[in-house]
Amino acid sequence: DAMVIQNPRYQVTQFGKPVTLSCSQTLNHNVMYWYQQKSSQAPKLLFHYYDKDFNNEADTPDNFQSRRPNTSFCFLDIRSPGLGDAAMYLCATRIGGTRGTDTQYFGPGTRLTVL
Amino acid sequence: DAKTTQPTSMDCAEGRAANLPCNHSTISGNEYVYWYRQIHSQGPQYIIHGLKNNETNEMASLIITEDRKSSTLILPHATLRDTAVYYCIVTGNTGKLIFGQGTTLQVKP
Chain A
1 DAMVIQNPRY QVTQFGKPVT LSCSQTLNHN VMYWYQQKSS QAPKLLFHYY DKDFNNEADT
61 PDNFQSRRPN TSFCFLDIRS PGLGDAAMYL CATRIGGTRG TDTQYFGPGT RLTVL
Chain B
1001 DAKTTQPTSM DCAEGRAANL PCNHSTISGN EYVYWYRQIH SQGPQYIIHG LKNNETNEMA
1061 SLIITEDRKS STLILPHATL RDTAVYYCIV TGNTGKLIFG QGTTLQVKP
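Which chain is which? The protein sequence lines are A and B, in order. Under my numbering, the residue at position 104 of the first sequence is numbered 104, and the numbers go up by one with no gaps. Going from the second sequence to my numbering is simple: count from 1 and add 1000.
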């Protein structure tokens, strides 16, 4: 029944070691988002894909990249994680298109720890 | 996208209605008001949204003032499981969600 799935739920990586987080969806939505949520803060949008079109937020560090090989999957790559990148990473989807259908569906998140 | 202002925290007694206010005085005509909540260590969950009319669903009611500069989310019979951070978000044509700090609702027995 899960609609937006994130794997793994918990990820531990070492300082500077590349890490990839994955997100999949069964909703066939056009839009997929990645958010970063640090402890006691609100989620912050990193980037999103509208179909194959990638849209980066202006203040997203270059260290963060994303890939969307098909409609169902989207990946977040952190090339050289720093201690400040420890956070919950949330994936969300939206159907796209008509205004008023902007509801986003979130996955459970992946909690990243950087040692 | 218009900004929103919410109280940092609120308490509510279990079984009573929880009324969460939100100010969005700079909202423009084509922007919707959305409410999400985030229970601890989970992803945000959609609650309800509206443009100018009041809305109700199985989770909550949304009351939007006539001038659309503020709104209130109503949880009619709060339970302990409604303890969460509630985000009021105004979205424009981009469809993006720009989260503010939200209101931490604590439902107490």
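Since the hints were derived computationally from the structure, they do not count as laboratory data. All values derive from a computational prediction rather than experimental measurement. We put the CB at the ideal spot given by N, CA and C, even for glycine. Where hints are given, some of them may not hold.
Straight line, CA to CA, 25 Å or less: simulated SDA-like cross-link-like pairs of lysine to any residue [as the list claims (entries may be wrong)]:
| # | chain 1 | residue 1 | chain 2 | residue 2 |
| --- | --- | --- | --- | --- |
| 1 | A | 38 | B | 1039 |
| 2 | B | 1003 | A | 59 |
| 3 | A | 44 | B | 1100 |
| 4 | B | 1096 | A | 37 |
| 5 | B | 1096 | A | 60 |
| 6 | B | 1003 | A | 61 |
| 7 | B | 1052 | A | 105 |
| 8 | A | 44 | A | 8 |
| 9 | B | 1108 | A | 41 |
| 10 | A | 52 | A | 79 |
| 11 | B | 1052 | A | 96 |
| 12 | A | 44 | B | 1108 |
| 13 | A | 38 | B | 1106 |
| 14 | B | 1052 | B | 1081 |
| 15 | B | 1003 | A | 37 |
These stretches of chain A come out as covered by chain B in the derived footprint (C-beta under 8 Å, 3 or more residues) [what the hints assert, rightly or not]:
| # | stretch |
| --- | --- |
| 16 | 75-86 |
| 17 | 90-97 |
Restraint-style ranges between C-beta atoms, simulated for each label pair [unchecked claim]:
| # | chain 1 | residue 1 | chain 2 | residue 2 | range |
| --- | --- | --- | --- | --- | --- |
| 18 | B | 1014 | A | 20 | 39 to 47 Å |
| 19 | B | 1009 | A | 52 | 39 to 47 Å |
| 20 | A | 56 | B | 1059 | 28 to 36 Å |
| 21 | A | 60 | B | 1040 | 41 to 49 Å |
Outcome of the hint check:
1. Between residue 38(A) and residue 1039(B) the CA atoms are separated by roughly 15 Å; this keeps the pair inside 25 Å, and the hint holds.
2. Note on residue 1003(B) and residue 59(A): the hinted pairing holds, with a Cα-Cα distance of about 18 Å set against a maximum of 25 Å.
3. For the given pair, residue 44(A) sits about 9 Å from residue 1100(B) by alpha-carbon distance, which is consistent with the 25 Å threshold.
4. A hinted pair counts as satisfied when its Cα atoms are at most 25 Å apart, and residue 1096(B) with residue 37(A) qualifies at roughly 16 Å.
5. With a C-alpha separation of about 15 Å, the suggested pairing of residue 1096(B) with residue 60(A) holds against the 25 Å cut-off.
6. The straight-line distance between the Cα atoms of residue 1003(B) and residue 61(A) is roughly 24 Å, inside the 25 Å bound, and the hint therefore holds.
7. Between residue 1052(B) and residue 105(A) the CA atoms are separated by roughly 23 Å; this keeps the pair inside 25 Å, and the hint holds.
8. The straight-line distance between the Cα atoms of residue 44(A) and residue 8(A) is roughly 20 Å, inside the 25 Å bound, and the hint therefore holds.
9. Pair hint residue 1108(B) plus residue 41(A) holds up; C-alpha atoms about 23 Å apart against a cutoff of 25 Å.
10. Under the criterion of a C-alpha separation no larger than 25 Å, the hint pairing residue 52(A) with residue 79(A) is consistent with the structure, at around 21 Å.
11. Distance hint between residue 1052(B) and residue 96(A) is fulfilled; the C-alpha atoms sit about 21 Å from each other, no more than 25 Å.
12. As the CA atoms of residue 44(A) and residue 1108(B) are separated by approximately 29 Å, the hinted pair breaks the 25 Å bound.
13. Taking the CA atoms of residue 38(A) and residue 1106(B), the gap is about 21 Å. The hint holds against a cut of 25 Å.
14. A C-alpha spacing of about 29 Å is found between residue 1052(B) and residue 1081(B), which places the hinted pair above 25 Å, so the restraint is violated.
15. Only pairs whose Cα atoms come within 25 Å are accepted, and residue 1003(B) paired with residue 37(A) is accepted, the gap being roughly 19 Å.
16. As drawn, the stretch 75-86 of chain A meets chain B at 0 residues by the rule of a beta-carbon pair under 8 Å; below three, the given contact is violated.
17. Coverage of the stretch 90-97 of chain A by chain B holds. Counting CB-CB distances below 8 Å, 4 residues qualify, and the rule asks for three or more.
18. For the hinted restraint 39 to 47 Å between residue 1014(B) and residue 20(A), the CB-CB distance of approximately 43 Å keeps it satisfied.
19. In this structure, residue 1009(B) and residue 52(A) meet the distance hint of 39 to 47 Å, their C-beta atoms being roughly 42 Å apart.
20. In this structure the supplied range 28 to 36 Å holds for residue 56(A) paired with residue 1059(B), their Cβ-Cβ distance being about 33 Å.
21. Between residue 60(A) and residue 1040(B) the CB atoms are about 26 Å apart, so this pair departs from the stated range of 41 to 49 Å.
This entry does not satisfy hints 12, 14, 16, 21, going by the numbered hints stated previously.
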